[in-house]
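Q: Sequence:
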Amino acid sequence: MTDPRPRRVLFACAHNSIRSPMAAAIGNSLFAPDIEFSSVGVWPGDVNPFVMATLWEDGIDIGDHQPRSFADLEDNPCDLIISLTPEAQHHAIELTRQENCQAEYWPTQDPSLVHGSRETILASFREVKEFLRGKISDRLGTQE
12 MTDPRPRRVL
22 FACAHNSIRS
32 PMAAAIGNSL
42 FAPDIEFSSV
52 GVWPGDVNPF
62 VMATLWEDGI
72 DIGDHQPRSF
82 ADLEDNPCDL
92 IISLTPEAQH
102 HAIELTRQEN
112 CQAEYWPTQD
122 PSLVHGSRET
132 ILASFREVKE
142 FLRGKISDRL
152 GTQE
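All residue numbers for the sequence shown refer to my numbering, where the first residue is 12 and numbers rise by one.
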């Protein structure tokens with residue numbers, strides 16, 4: 012039986028600084044080397060330190076992540092692009108017109124909008140991390 016799962020998944024968000032690198036790191040931790048995960052943003056920004064702290068709790072290190080934009084993509088970058096923000100979804104739809112890939116939209120809250128104590132902010136990032144882990148597992152199943 013042929014595996015219907017994509018081989019290359021691209022996550023996209025607004026800045027490639029929180030949601031999409033978090034999703035790609037989670038995906039790679041769950042499915043590498045069978046599925047390759049990467050990420051881009053509409054307007055690349057610096058990686059949020061709370062992303063690094065939250066992922067590090069699970070032993071995932073993204074210290075070498077370099078934010079990229081859609082313009083940085085090479086030909087045929089993915090089989091599936093998953094947008095996590097409305098801005099990224101517009102770019103994803105355009106990409107599907109140019110490349111042979113599918114697009115999905117997973118609206119994902121922006122944990123950087125939460126203010127308060129360090130623990131309150133970390134809790135918001137953890138919530139997004141668990142949301143993404145669940146969505147990725149639901150969409151792709153389990154590692155074989």
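FYI, nobody ran anything at the bench for these hints, they're computed from the structure. Bear in mind that the values here come from a model prediction, so they are computed numbers and not experimental data. Check each hint, because a few of them may be wrong.
Claimed, not checked - Calculated pairs, SDA-like style, for lysine to any residue (alpha carbon to alpha carbon, straight line, at most 20 Å):
#	residue 1	residue 2
1	Lys146	Ala25
2	Lys146	Ser80
3	Lys146	Trp54
4	Lys146	Glu110
5	Lys146	Tyr116
6	Lys146	Gln77
7	Lys146	Ala114
8	Lys146	His126
Unchecked claim - Pair by pair, the computed Cβ-Cβ distance ranges are:
#	residue 1	residue 2	range
9	Asp86	Ala134	17 to 23 Å
10	Arg108	Ser128	22 to 28 Å
11	Asp86	Pro60	30 to 36 Å
12	Gly74	Pro118	36 to 42 Å
13	Gln113	Ala43	39 to 45 Å
14	Asn111	Ala64	19 to 25 Å
15	Asp83	Glu141	17 to 23 Å
16	Pro88	Val125	29 to 35 Å
17	Thr153	Gln113	16 to 22 Å
18	Ile73	Glu130	17 to 23 Å
Backbone N, C-alpha and C define an ideal beta-carbon position, used for all residues, glycine too.
Q: Would you mind marking each hint as holding or not holding in the structure?
A: So, going through the hints one by one against the coordinates:
1. Lys146 <-> Ala25: holds, 19 Å
2. Lys146 <-> Ser80: violated, 23 Å
3. Lys146 <-> Trp54: violated, 24 Å
4. Lys146 <-> Glu110: violated, 24 Å
5. Lys146 <-> Tyr116: holds, 11 Å
6. Lys146 <-> Gln77: Not satisfied, since the Cα-Cα distance of roughly 24 Å exceeds 20 Å.
7. Lys146 <-> Ala114: The given pair, whose Cα atoms are some 15 Å apart, holds under the 20 Å limit.
8. Lys146 <-> His126: violated, 25 Å
9. Asp86 <-> Ala134: 17 to 23 Å: Given about 41 Å between the Cβ atoms, the range is violated.
10. Arg108 <-> Ser128: 22 to 28 Å: violated, 45 Å
11. Asp86 <-> Pro60: 30 to 36 Å: With Cβ atoms ~33 Å apart, the hint holds.
12. Gly74 <-> Pro118: 36 to 42 Å: Hint violated: Cβ distance 28 Å, outside 36 to 42 Å.
13. Gln113 <-> Ala43: 39 to 45 Å: violated, 21 Å
14. Asn111 <-> Ala64: 19 to 25 Å: violated, 37 Å
15. Asp83 <-> Glu141: 17 to 23 Å: violated, 29 Å
16. Pro88 <-> Val125: 29 to 35 Å: holds, 31 Å
17. Thr153 <-> Gln113: 16 to 22 Å: holds, 21 Å
18. Ile73 <-> Glu130: 17 to 23 Å: The hinted range 17 to 23 Å holds for Ile73 and Glu130, with Cβ atoms some 21 Å apart.
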